[in-house]
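Engineer: The residues making up each chain are set out below.
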Amino acid sequence: MTGAAAARSAAIRAARGAAHVALVTVVAVIFLAAWLATGATPAGADGGPHVASVNSGADTLTADGCAGCHRAHTAQGPMLLAHPEEEEALCLSCHGSAGTGATTDVETGVQYALGAAGIRGGTAAGALRSGGFVEARIDSASPTRISFPRIQGSDVVTTFSSRVGVLAEPAPVTSAHLALPTSSVAEAGTAWGNGVEDSGPGPNADLTCASCHNPHGNRQYRILNPIPGDGDGPLVEAGADASITDAALPSGAGAAGVRNYTIQDGRTLQDVLDAGLGPTAGDYWRRYLPWDGVPTWNGTVIVPATGVAGDRPMYVPGSATNLTAFRSQISAWCSACHTRYNAPNSGATTPSGDDRFAYRHTTQRTECTQCHIAHGSNAGMAGTVSSAAPYPDGSPSGSSRLLKVDNRGTCQQCHDPTGTIPYTGVINP
Amino acid sequence: MTPPAHVPRAARARGALLVAIVELALVLTAAAPLAPGVWATDPSPDATASGGPLDPSPAASDPPLAPAPSPEPTVEPTPAPPPDPTSTPDPTPTPDPAPSPEPTVEPTPAPPSVAPTPSPTPASPSVAPSGGLRVSHAWVDRVDDAGTIVTRGPLDAPLLGIARFEVHRVRFQLVNDGDTPRVLAATLEWAANPVVGWAAVPVVDPVLDVPFYVASDAGRGFRVAASPLAVDALRLGDLVGAGTLPVAGVSGSGVNPVSVTLPPGSHTEVEFAVRATQSADWLGAYAFRLADGAEPLAGAAAGVQLRARPAPRLSPGQRSGVRVADPLPRYPLVGSGLAGTTALNAAPAVTAAAATFTSPHTAYALTTDACAACHTTHAGRNRLLLTAIAPQASLCLTCHDGSGASTDVASAWTDPRLPPNDPDTASWFSHPAREPSGHTSDRGEEFGGVLERHAECADCHQPHNADGAPPIGTADGWTASGALRGAAGVAVTNGAANASPSYTWQATSAFEYQLCFKCHSGYTDLPAPDPLRPSRWALDKAIELNPANVSYHPIEAPGKNQSPAMALSLSGTSPAKLWTFDPSSTIRCLNCHGDASLANPAAPPAPDSRLANHAGPNRGLLIAPYRDRILKGSTEAYAATDFALCYTCHAEAPMVDDSGDPRLDTNFSFHGFHLTSLALTGTGALDIDTDGGGRGNALCSECHFRTHGTTYAVDGQAPAVGLVNFAPVVGPNDGTITFVPATPTAFGSCTLTCHGKPHDGYLYARGP
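The listed protein sequences derive, respectively, from chains A and B. Just so we're aligned, residue 1 is where the first sequence starts under my numbering, counting upward by one. Just so we're aligned, residue 1 is where the second sequence starts under my numbering, counting upward by one.
Hints may be right or wrong, so weigh each one.
[Claimed, not checked] FRET-style restraints, in silico, Cβ to Cβ:
#1 528(B) with 303(A): 52 to 58 Å
#2 384(B) with 275(A): 39 to 45 Å
#3 345(A) with 718(B): 55 to 61 Å
#4 493(B) with 298(A): 33 to 39 Å
#5 393(A) with 406(B): 56 to 62 Å
#6 186(A) with 505(B): 49 to 55 Å
#7 394(A) with 423(B): 35 to 41 Å
#8 499(B) with 419(A): 49 to 55 Å
#9 346(A) with 538(B): 32 to 38 Å
#10 435(B) with 395(A): 53 to 59 Å
#11 243(A) with 538(B): 56 to 62 Å
Note that these hints are calculated values from the structure, not bench results. We put the beta carbon where it would ideally sit given N, CA and C, even for glycine.
The following block holds chain A by itself, in its conformation from the complex:
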């Protein structure tokens, strides 16, 4: 991270903290009161006020979370929202870099440990998978690749695994789904690919947090809206739900009851903390878990490394079926807005029928979140081509497109078109 970037990040944090002192105080009091009143799991346990089972009264008719955001008679914002500012400001009051109501900081891309009061603690547990809208911690300039032999038919071929690590210090994002006032990104605001066939590059869309997330909880993965949208905006919304199966909430106490949103492996926040790897551990790429598992030779054949192939987004150990379903579901969800991006495995070789989005990378075998993060990326695009790569409407842009690696290194994390990955391992039957 550059000095200027660090200074800007510090300023962001300072400004955010100053602006929300009162709000933080109010929220903290509310959370604390609720926790004390119920004597149940800390309010900061996974979901906070967004857990459907809690807020809907399914578990209890004494729902408490409503007051976190709404006021029945003293609302300062529409929909009885307590906060008078932009919707994002309300969310960031908990999920901001200065917020303490949630373990997840979506401004600077980090998940914290659970504090003693059951809300955000002061220890950074790890880098947030989706990054932050203002800063992110993707070590995009230094991906790492490791090669090893693999049996392919009767041949021994070279294959590889890649890792994209974590920055010790956050870096300003170069692309984000929200252009927050404190962010330096200026996105085109276009929902690329949204709409029906041959309907142009896509409409402009003004997104908010609620465009994607349902703050009331909906049992969806990451409380994502089954039909994301921009309200009355020009975005062509999906006609059917894009559901993503969610895993059950962890039921443990403290951090054991909080989901792990970092890039480290583990189902709960407690898993991450127990691993003790530190906040810079983990892998943004998550193609193989562990990423550097080395196959072995058993005297007859090559034995793949022990581990799980894939992202394990909901941490269901050993469940490849779940991974397969997740890939399809998350791609379908992203495609609820980026309609014409959703492509079958033959998408790169079979024309879609759309003149502009004729050939498309598969979103089935490789889900969108394999290459992109959801909130913001700090990947650099200084390359001659990447710094002015055209958008689907032909306009050049140096946006990092929420990619995980600088320039088009994202491609190199799976592809090796030059066949230059070195393999120095020796196999001797």
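Assemble chain B onto chain A, guided by the hints.
Structural biologist: Below, chain B alone, put in the same frame as chain A:
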């Protein structure tokens, strides 16, 4: 039988020149007893036994019709000194081709295995008196290419300065001043040394080691016939002082003897069309006399002397090529790459390097910028997420048009001088990379058994692997250059000669030719041949280039012609010379089918340079012009540019040496004769695919029709060495069309009919 004293090689020509001329003069001036003042043969046994009775001073008795003979030839025997074959001609343009760079060519003694066949009449003791019949005058006329007499020869004097392969008319005036009619079998005899012996001149076809034959050349009006020679066509119709009447004579072509009838008190003329052969020595002097059957007639004799050996008329701008390094040996790998320890280790992790954009075709860093140069993830306009619509060239040429890449490929197609491809005539000037095709993936196998082949950029270039590495010449062929690195191809496992090899798809071409085989071999479904146009057939190049074949161009292995002559041919100069291989070399497909814009003999490209044959002005995407379909017209002169392709490697000198003399830089001494001296030799069509065609100087392709290899020789010809296989225009002679190569100790021969000229086992010699 003892041959005449003709020693048919220039080695003794120079030394014997003076003797021969003097002897000829003696013969031509020996007619004094029969016709005072007229050069004549002397039937007296005494005359030829010692030569003493012959009067060497005919001038005192010359008749009025007889011009004074010249006892000395006017052509000085000054053959050009043979140049040093090891010398390197000046590679700079030279407008004056006078200095001949041809290698030293020493006449080769006649191979001992074939002896001359004529049966000469012994010298003068057999000459008998002929009563009232005698030869009163003799001379040799010059004729043009149509057979018309253009210059009357000097009466009773030798015609000087004739050349090999020219036709002349040898004419005699016969006088019968006796009392009885005479019917004689007028036989033309020749002698190099009349003192030693005479022999009948053979007919129709040349005979090895005999310097003349009575020519039949239909193309020049010399049909095999003995035609009447009208009285008014007699040169000497009014015989001064003889008191005889002229009667019609005989003009013979391809016939010897001819029948002549002379009533009492008559005179007439008899002529023969005579052609000097390869065995006629330069500056050699020869005599002709007339005999009645085997009995020589008394009287005058005719004589000729050949000119000095002409220097090959090399085209301007002789150049040396760029030396090609000796091919690398290829050793089989020892052991297996998997041998070693039992450990299984992963490679060290690779850490991303700093992202800098250089070429999108080199090894990519882990933060490469290159992908986006050609691909877009979600809005691809072409297969494989390419940013531009099909064909691939629309994308590649956005950089390779001189604007973004160091190589300007687009200009090859956009050159307005580029002729369009013409499938109807199988005339291809460009690979159809800019045309839509069924191409799907360069990694896929899209060519096996496929007729509708395509040549999109990625069919030959793997964009992720290409680099600028040069190809390397090896004994197994030239490796694929960096530009072709990673491109798929077809390997072959060759079997017997002319047999189809075993084809194997290769994801990566190891050798340059393997890439070409992807489309130009039987691995694919080649276009059906037009039975009437063999010159247009798309043939299986893998079969043609099989090193087991009798002859082939050395793509997969060095050629079979390892002779010194081939070495000299390859090291010699030419006006189109580009590079200098040697017989151990293998060559690239691109050496012939390459970028014509680079074929500058003044600055020849390196043999391993980029010679991409995307498009060019020469049919077949040839690197230099090559005329192979339309034959030469009747009077069309030889032009080196017609065969510039051949001259990119081979020396020109043997191709313009029309002497017929064996040379050190060719194994066929008649290359030059066929390429430069066949004007007006026929009346046939000008299409190489038409049987019996041809009327002028030959093309290389008439005798080297299939130039890749001899497999697909037409008309059932047996494959021959030296890539000799005759074009459809060449027909059989009496049902046979064969080429027998000469060896250093044995003659070669041709049996065929070309340009209307039957070759009945024509023999030729070669150098060592």
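Engineer: Now, for every hint given, state plainly whether the structure supports it.
Structural biologist: Outcome of the hint check:
no.	hint	result
1	528(B) with 303(A): 52 to 58 Å	54 Å, holds
2	384(B) with 275(A): 39 to 45 Å	41 Å, holds
3	345(A) with 718(B): 55 to 61 Å	57 Å, holds
4	493(B) with 298(A): 33 to 39 Å	36 Å, holds
5	393(A) with 406(B): 56 to 62 Å	31 Å, violated
6	186(A) with 505(B): 49 to 55 Å	51 Å, holds
7	394(A) with 423(B): 35 to 41 Å	38 Å, holds
8	499(B) with 419(A): 49 to 55 Å	35 Å, violated
9	346(A) with 538(B): 32 to 38 Å	34 Å, holds
10	435(B) with 395(A): 53 to 59 Å	31 Å, violated
11	243(A) with 538(B): 56 to 62 Å	59 Å, holds
Hints 5, 8 and 10 from the list above are not met by this structure, while the remaining hints are.
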